[in-house]
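*Asks:* Model the full structure from these sequences, guided by the hints.
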Amino acid sequence: MKHRGRHRRRRRGAALRAVLTGTALALTAAATLISASQAEVGKGPGALKPLTSAADTGPLRLQEHLVPARTLDRLAAAMGHPVGVDDVLRSADRDLREAADCSSADRASLPVAPAADRAYCWDPADTAAGTWRPASVTTSGDADDDGVWGTHRVVLAGWTHSTTAGRPAERGLARVAFVDADDPEHLPYRWALLVVPVDGGRDYRGLASRISGMVWYENKLLVTTTSGSADALYVYDLDRIQRTTVDAPAIGRVPGGWSADGYRYVLPAVGSYRFTAGRCAAAGPPCPGALALDRGTAPDSLVAAEWTAPDGDRHARLWRYALSTDPARAGLLATDARGRAAAVEAYRTRATGIRGVLSYRKAGADRASWYVGRLPGSQDGHGGLWRQDGEGARAARCGADASDRCWARDAGSLSYWQATGEVWSLSDRMLFALPLAGLDHTVD
Numbered sequence: 066m067k068h069r070g071r072h073r074r075r076r077r078g079a080a081l082r083a084v085l086t087g088t089a090l091a092l093t094a095a096a097t098l099i100s101a102s103q104a105e106v107g108k109g110p111g112a113l114k115p116l117t118s119a120a121d122t123g124p125l126r127l128q129e130h131l132v133p134a135r136t137l138d139r140l141a142a143a144m145g146h147p148v149g150v151d152d153v154l155r156s157a158d159r160d161l162r163e164a165a166d167c168s169s170a171d172r173a174s175l176p177v178a179p180a181a182d183r184a185y186c187w188d189p190a191d192t193a194a195g196t197w198r199p200a201s202v203t204t205s206g207d208a209d210d211d212g213v214w215g216t217h218r219v220v221l222a223g224w225t226h227s228t229t230a231g232r233p234a235e236r237g238l239a240r241v242a243f244v245d246a247d248d249p250e251h252l253p254y255r256w257a258l259l260v261v262p263v264d265g266g267r268d269y270r271g272l273a274s275r276i277s278g279m280v281w282y283e284n285k286l287l288v289t290t291t292s293g294s295a296d297a298l299y300v301y302d303l304d305r306i307q308r309t310t311v312d313a314p315a316i317g318r319v320p321g322g323w324s325a326d327g328y329r330y331v332l333p334a335v336g337s338y339r340f341t342a343g344r345c346a347a348a349g350p351p352c353p354g355a356l357a358l359d360r361g362t363a364p365d366s367l368v369a370a371e372w373t374a375p376d377g378d379r380h381a382r383l384w385r386y387a388l389s390t391d392p393a394r395a396g397l398l399a400t401d402a403r404g405r406a407a408a409v410e411a412y413r414t415r416a417t418g419i420r421g422v423l424s425y426r427k428a429g430a431d432r433a434s435w436y437v438g439r440l441p442g443s444q445d446g447h448g449g450l451w452r453q454d455g456e457g458a459r460a461a462r463c464g465a466d467a468s469d470r471c472w473a474r475d476a477g478s479l480s481y482w483q484a485t486g487e488v489w490s491l492s493d494r495m496l497f498a499l500p501l502a503g504l505d506h507t508v509d
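Residue numbers for the sequence shown follow this note's numbering, beginning at 66 and rising by one.
Check the hints yourself; a few may be wrong.
Stated by the list, open to error - Taking CB as the label site, the calculated pair distances span:
1) T390 x G321: 43 to 51 Å
2) R432 x D160: 35 to 43 Å
3) D304 x G455: 33 to 41 Å
Claimed, not checked - The calculated lysine to any residue pairs, modelled on SDA-like cross-linking and capped at a C-alpha distance of 20 Å, are:
4) K108 x A374
5) K114 x D431
6) K108 x G377
7) K114 x G265
8) K114 x A407
9) K108 x A407
10) K427 x T362
11) K427 x D365
12) K114 x R452
No lab work stands behind these hints, which were simulated from the structure alone. For each residue, glycine too, the CB sits at the ideal point set by N, CA and C.
*Replies:* Right, here's the structure in full:
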């Protein structure tokens, strides 16, 4: 019986690879036609320019603000004992579908080059209205170097709601899909809403912000905030997930208990980081966009990319913060005695419209390469994927005229799973993975 099951899995895996290969070939042909008609071969972002002066690095400094323990404890006492990731996964109520079972429109959003090895589309109930959009991804490969959290391999995907459409209670909010990735042929998931404690833990509100970047490190989830707040990052504790008790169209304390507009779980923020120089501005702190984890530094580091308009002339900044090695501060940034986190490395790039960032140092290399996924200038169609360092930049290219519009459509963040050698990312319709080695081969 075991042997027959294994053969079925092999056949299904081969069929899935055939579908992805066929999709990639079809997309390549489409890209050739599109590129030929538009004659668009993007100008490269060039070499990274190091930023070393205090005037350049000062605006990147963050001030840490931790939610008082008594606030979190009061909320937990009122809502019930917090639960963990395993509890959320055990209650998964939706399933991702493999690429072979997805629509051609879904598959058309995948990268042309490099092609995805594995790809999945979401439950139609989550995509039909178009009011929620995926933007960020992180995995248990970020959380722990063995790639497992508790008893599971896990993918977390961050989605943001439109501020103008859909149910009023959800507008502008952020949620996270907890995906059980133990079986690559069956990925069930469950949603949790991101919230912020208020009134000393007597209530909570929804996090009203886009979350274009997200990193899970140790037991903490760090997410970017880009609207509705002066904070650059919010911090969540994955050991402090709370169950709601009332299914009502409201968020927070309601008669009879606690509600989150139908979501069974909420993640209350345990802290935040704010730029000491104020809100993001052209001449000051950056507007934070993509985030990723780099385990190739000592200590491990959080890398970030500035969001700039894809059709603008403002060049983005790339930078990193060291993560704390203090066991009492697991998952938080390294800070000084005043609770400030300084950037330990920073660059200027001519890239714009960055939606994904990754920093990785190959064995034997004296410096890391930075990978950036970009939206096209028109913000329509497939974007580009570039690898940069201090000497120059190279792109994944496709089509007869070697266009650089080969990456996913409306692509999201990048996350490297060290234990498997895979990079995970999202398009506007699908979650996918591909080997970092394959990505490197495409841009060499």
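*Asks:* Next step is simple, just say for each hint if it's right about the structure.
*Replies:* Hint by hint, here is what the structure shows:
1. Against the hinted window of 43 to 51 Å, the Cβ-Cβ separation of T390 and G321 comes to about 45 Å, which satisfies the hint.
2. Taken as a hint, the range 35 to 43 Å holds for the pair R432 and D160, whose Cβ atoms sit roughly 42 Å apart.
3. Checked against the hint of 33 to 41 Å, the C-beta distance between D304 and G455 comes to roughly 40 Å, which is consistent with it.
4. Distance hint between K108 and A374 is fulfilled; the C-alpha atoms sit about 15 Å from each other, no more than 20 Å.
5. Pair hint K114 plus D431 holds up; C-alpha atoms about 17 Å apart against a cutoff of 20 Å.
6. The straight-line distance between the Cα atoms of K108 and G377 is roughly 13 Å, inside the 20 Å bound, and the hint therefore holds.
7. Restraint check: the Cα-Cα separation between K114 and G265 comes to about 44 Å, which exceeds 20 Å; the hinted pair is violated.
8. Proximity of K114 to A407 is assessed by CA-CA distance (about 19 Å); at most 20 Å being required, the pair is judged to hold.
9. Straight-line distance between C-alpha atoms of K108 and A407 comes to about 32 Å, which puts the hinted pair past the 20 Å bound.
10. Using a Cα cut-off of 20 Å, the hinted pair K427 and T362 holds, with the two alpha carbons roughly 12 Å apart.
11. Annotation: proposed proximity of K427 to D365 holds, straight-line Cα distance about 15 Å (limit 20 Å).
12. Simply put, K114 and R452 have alpha-carbon atoms about 14 Å apart, close enough for the 20 Å limit, and the pair holds.
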